[in-house]
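Engineer: Letter by letter, the chains look like this.
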Amino acid sequence: MKLEQTSVFLENRKGRLWKALSILRDAEINIRALSIADTSEFGILRMIVPEPDKAREVLEENNFVVKTNDVIGVEIPDTPGGLDGILEILTKADINVEYLYAFVEKKMDQAIVVLRTEDIEGGIKALKDGGATLLSSEEVYVL
Amino acid sequence: MIWNREAECMAREEMEEIQLKRLQAVVKRAYENVNYYKKAFEEAGVYPEDIQNLKDIEKLPFTSKTDLRDAYPFGMFAVSPNDIVEVHTTSGTTGKPTVSGYTQKDIEIWSEVMARALTMAGGDKTDRIQNCYGYGLFTGGLGVHYGAQKIGATVIPISAGNTMRQVEIMQDFESTILTCTPSYAMYLAEVLENQGVTWDKLKLKAGVFGAEMWTEEMRAEIEKRLNISALNIYGLTEIIGPGVAQECLVKEGLHIFDDHFYPEIINPDTRQAQPAGGKGELVLTTLTREGMPVIRFRTRDITTLRYGECGCGRTHVKMDRITGRSDDMLKIRGVIVFPSQIERALLKIEGLEPQYQIIVSRPHQLDELEVQVETSPALFSDEVKYVEEVKKNIETHIHDEIGLRVNVSLVEPQSLPRSEGKAVRVIDKRDMK
Numbered sequence: 001m002k003l004e005q006t007s008v009f010l011e012n013r014k015g016r017l018w019k020a021l022s023i024l025r026d027a028e029i030n031i032r033a034l035s036i037a038d039t040s041e042f043g044i045l046r047m048i049v050p051e052p053d054k055a056r057e058v059l060e061e062n063n064f065v066v067k068t069n070d071v072i073g074v075e076i077p078d079t080p081g082g083l084d085g086i087l088e089i090l091t092k093a094d095i096n097v098e099y100l101y102a103f104v105e106k107k108m109d110q111a112i113v114v115l116r117t118e119d120i121e122g123g124i125k126a127l128k129d130g131g132a133t134l135l136s137s138e139e140v141y142v143l
Numbered sequence: 001m002i003w004n005r006e007a008e009c010m011a012r013e014e015m016e017e018i019q020l021k022r023l024q025a026v027v028k029r030a031y032e033n034v035n036y037y038k039k040a041f042e043e044a045g046v047y048p049e050d051i052q053n054l055k056d057i058e059k060l061p062f063t064s065k066t067d068l069r070d071a072y073p074f075g076m077f078a079v080s081p082n083d084i085v086e087v088h089t090t091s092g093t094t095g096k097p098t099v100s101g102y103t104q105k106d107i108e109i110w111s112e113v114m115a116r117a118l119t120m121a122g123g124d125k126t127d128r129i130q131n132c133y134g135y136g137l138f139t140g141g142l143g144v145h146y147g148a149q150k151i152g153a154t155v156i157p158i159s160a161g162n163t164m165r166q167v168e169i170m171q172d173f174e175s176t177i178l179t180c181t182p183s184y185a186m187y188l189a190e191v192l193e194n195q196g197v198t199w200d201k202l203k204l205k206a207g208v209f210g211a212e213m214w215t216e217e218m219r220a221e222i223e224k225r226l227n228i229s230a231l232n233i234y235g236l237t238e239i240i241g242p243g244v245a246q247e248c249l250v251k252e253g254l255h256i257f258d259d260h261f262y263p264e265i266i267n268p269d270t271r272q273a274q275p276a277g278g279k280g281e282l283v284l285t286t287l288t289r290e291g292m293p294v295i296r297f298r299t300r301d302i303t304t305l306r307y308g309e310c311g312c313g314r315t316h317v318k319m320d321r322i323t324g325r326s327d328d329m330l331k332i333r334g335v336i337v338f339p340s341q342i343e344r345a346l347l348k349i350e351g352l353e354p355q356y357q358i359i360v361s362r363p364h365q366l367d368e369l370e371v372q373v374e375t376s377p378a379l380f381s382d383e384v385k386y387v388e389e390v391k392k393n394i395e396t397h398i399h400d401e402i403g404l405r406v407n408v409s410l411v412e413p414q415s416l417p418r419s420e421g422k423a424v425r426v427i428d429k430r431d432m433k
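So the protein sequences, as listed, match chains A and B.
Its first residue numbered 1, the first sequence is counted upward by one per residue in the working numbering.
Its first residue numbered 1, the second sequence is counted upward by one per residue in the working numbering.
Simulated from the structure, these hints should not be mistaken for laboratory data.
Worth double-checking, as some hints may not be accurate.
Below are the DSBU-like pairs computed for lysine-lysine, each with C-alpha atoms no more than 30 angstroms apart in a straight line [claimed, not checked]:
no.	chain 1	residue 1	chain 2	residue 2
1	B	Lys65	A	Lys2
2	B	Lys385	A	Lys54
3	A	Lys54	B	Lys65
4	B	Lys224	A	Lys19
5	A	Lys128	B	Lys348
6	A	Lys67	B	Lys331
7	A	Lys14	B	Lys392
8	B	Lys65	A	Lys19
9	B	Lys391	A	Lys19
10	A	Lys14	B	Lys224
11	B	Lys224	A	Lys92
12	B	Lys391	B	Lys65
13	A	Lys67	B	Lys65
14	B	Lys429	A	Lys67
15	B	Lys65	A	Lys125
Derived CB-CB ranges, DEER-like [to be verified]:
no.	chain 1	residue 1	chain 2	residue 2	range
16	A	Ser22	B	Gln195	52 to 58 angstroms
17	B	Lys201	A	Asn12	36 to 42 angstroms
18	A	Asn12	B	Tyr135	40 to 46 angstroms
In this text, a Cβ means the ideal position worked out from N, Cα and C, and glycines have one as well.
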C-alpha cells in the first residue's frame with residue numbers, strides 16, 4: 001500500500017523546473033501528482049508518475065539527481081474536513097508527518113493525499129487501523 | 001628502476017660540490033650575457049666572484065615573474081637567438097606570458113630530467129605513455145614527450161582534450177602510464193565509469209599528474225578509481241617545464257633534480273631563508289641551463305625541503321606536495337585560505353564528487369566565501385531537512401579545515417565547468433581596486 005515517489009533536485013536557477021518537466025514530456029510520462037518543496041537555495045520536485053523507473057532513467061541521463069522512495073496514498077472525501085480526519089488518526093497514533101500534498105480527482109468526489117511520515121510502516125498501520133482508504137500505486141496511476 | 005644512478009644517488013657532499021661549481025658558472029654566464037642580471041647584480045652590489053660557497057647564493061637578488069615578463073619576449077636569453085632551438089611560454093593567465101628559450105643542450109637536460117621522472121613512476125621502454133598534457137607553447141606536452149622518448153617508451157601524443165577519444169585510445173592502445181592534470185584524471189575516471197569501463201579493462205599502472213595543486217585525498221580517490229599509482233610531478237615553464245621534481249613510488253614528497261635546479265625555501269614576507277625543514281616559498285635557480293639561466297626565481301609555491309636518503313635509494317632532496325601558493329592563496333576576512341584546504345575538506349565527505357568552485361565576493365564590505373558543490377545521489381533525498389543537513393555538514397567540514405564559515409551551494413551534477421587543463425577553482429569577484 002505504498003506509492004513510489006520520484007524526487008528531483010532542482011538548483012535555484014531559471015528554467016530548471018521547465019527542463020526537468022520537458023524531459024518527462026519527451027519521454028511521454030504523465031505526472032499524476034506533483035509538489036515542489038522550495039528553500040531559498042534549492043528545490044525538490046516530488047512527483048507520482050506511472051513509470052518511476054523510466055522517469056528516473058531519463059532524468060538521470062540528463063544529469064538530474066533523482067531519488068525514489070515510498071510514500072503513502074490516501075483517499076479522502078472531497079468535502080470540508082476531509083483531510084482533518086486523516087491527520088487526526090496520525091496525531092493520535094503519534095506519527096509525525098514530514099510533508100504532504102493533495103490532488104482532487106475529477107471523476108469521483110474524492111481527493112487523494114500523498115503523505116510522507118517519518119515512519120512509513122507505522123503511518124500505514126495507523127491509517128489502516130483508523131479506517132482510512134489507502135491507495136495502491138496501480139490505483140493512483142489509472143486515475 | 002633508477003634512470004641515472006650516479007646523479008640520483010650521489011652523496012650530499014659530492015652533490016654540493018657539483019652544485020657550487022655549476023652555480024658559479026651560471027651566475028657568471030648570467031652576469032656576462034644578460035643585461036637584466038648585470039644590472040640587478042650591480043644594484044645589489046654582488047658579483048660572480050662573491051659566490052664562494054652555496055650559502056652565498058643568498059647574496060643574489062631574486063627574480064620574479066614580473067622581471068621575466070618585463071623582458072618579454074627574448075630579453076632573458078643568454079645566448080644568441082640563433083642558438084635557441086625551441087621556445088615555450090606560460091599561459092599568460094596572469095598577464096603577458098613569459099618566454100622560455102632552450103638551446104640544444106637545454107633540450108637534452110630537459111629530456112634527461114623527464115627520463116628520470118618517468119622512470120621514477122615505473123616507466124621504461126615497455127610502457128605506452130598516454131600524454132594528455134597539451135602540446136604546443138605549454139611545456140607539459142613536449143616535456144613529457146622528450147622524456148618518454150629518452151627512456152624508449154612508446155609515447156601517445158594525444159595532447160589535451162577530446163575525452164571520448166582519450167578513453168577509446170586508452171583501451172585500444174593499452175596505455176600503461178597516463179600523464180595529465182589531476183583534475184583531468186578525475187574527469188577521465190568519471191567518464192570511464194559512466195561508460196562502464198572498469199579499471200580491470202585497462203592496462204594503466206601509473207599516472208604522472210601535475211601542473212596544478214592537488215591533495216593526498218585526491219590522490220587516494222584517483223588511485224582507487226583507476227587502480228594506479230598516482231604520482232606528483234612538478235615543474236615551471238620559467239625553470240624548464242615539467243621535470244623539476246617528481247615523486248617516486250614511496251610517495252613521500254617529490255625529488256628535486258638538484259644537480260640541475262637548486263632549491264631554497266624563504267619566508268615570502270621577509271624574503272629571508274627559512275631554517276632547515278621550515279615551510280615557505282620555494283626559490284629555484286637553474287644550474288645548467290644555457291639558453292635562459294634563471295637565478296633565484298620566486299616560484300610562489302609553498303613547500304618544505306627534506307634532505308636524506310629516500311626509501312627508493314635516491315638522495316635528491318625532496319620537497320613536500322605543494323600546499324598552496326603565496327599568490328593564489330585567498331585572504332578572506334584576513335584569514336589565509338588555500339583552495340587545496342577546501343578540496344581536502346570536501347574529499348572527506350562520503351559520496352561527494354570533488355567537483356567544486358569557490359566564489360569569493362564582497363557584497364557588504366565583508367568577504368563572503370561560497371563553495372559550489374555538485375549534488376550526487378548520495379547527498380540527495382526527498383526531504384528538505386536531509387538536504388539541508390548535508391549542506392550544513394559540508395559547511396562544517398570546511399569550517400573545521402579553514403576556520404571560516406562558508407556558504408555551500410548545492411548545484412546540479414555536471415553544471416560546474418570541467419577542465420581539460422588546469423581547473424578553474426576560484427572565482428574572485430571582489431573589486432580590490
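Engineer: Of all the hints given earlier, name the ones this structure violates by number, lowest first.
Structural biologist: Violated hints: 1, 3, 4, 5, 6, 8, 10, 11, 12, 13, 14, 15, 16; rest satisfied.
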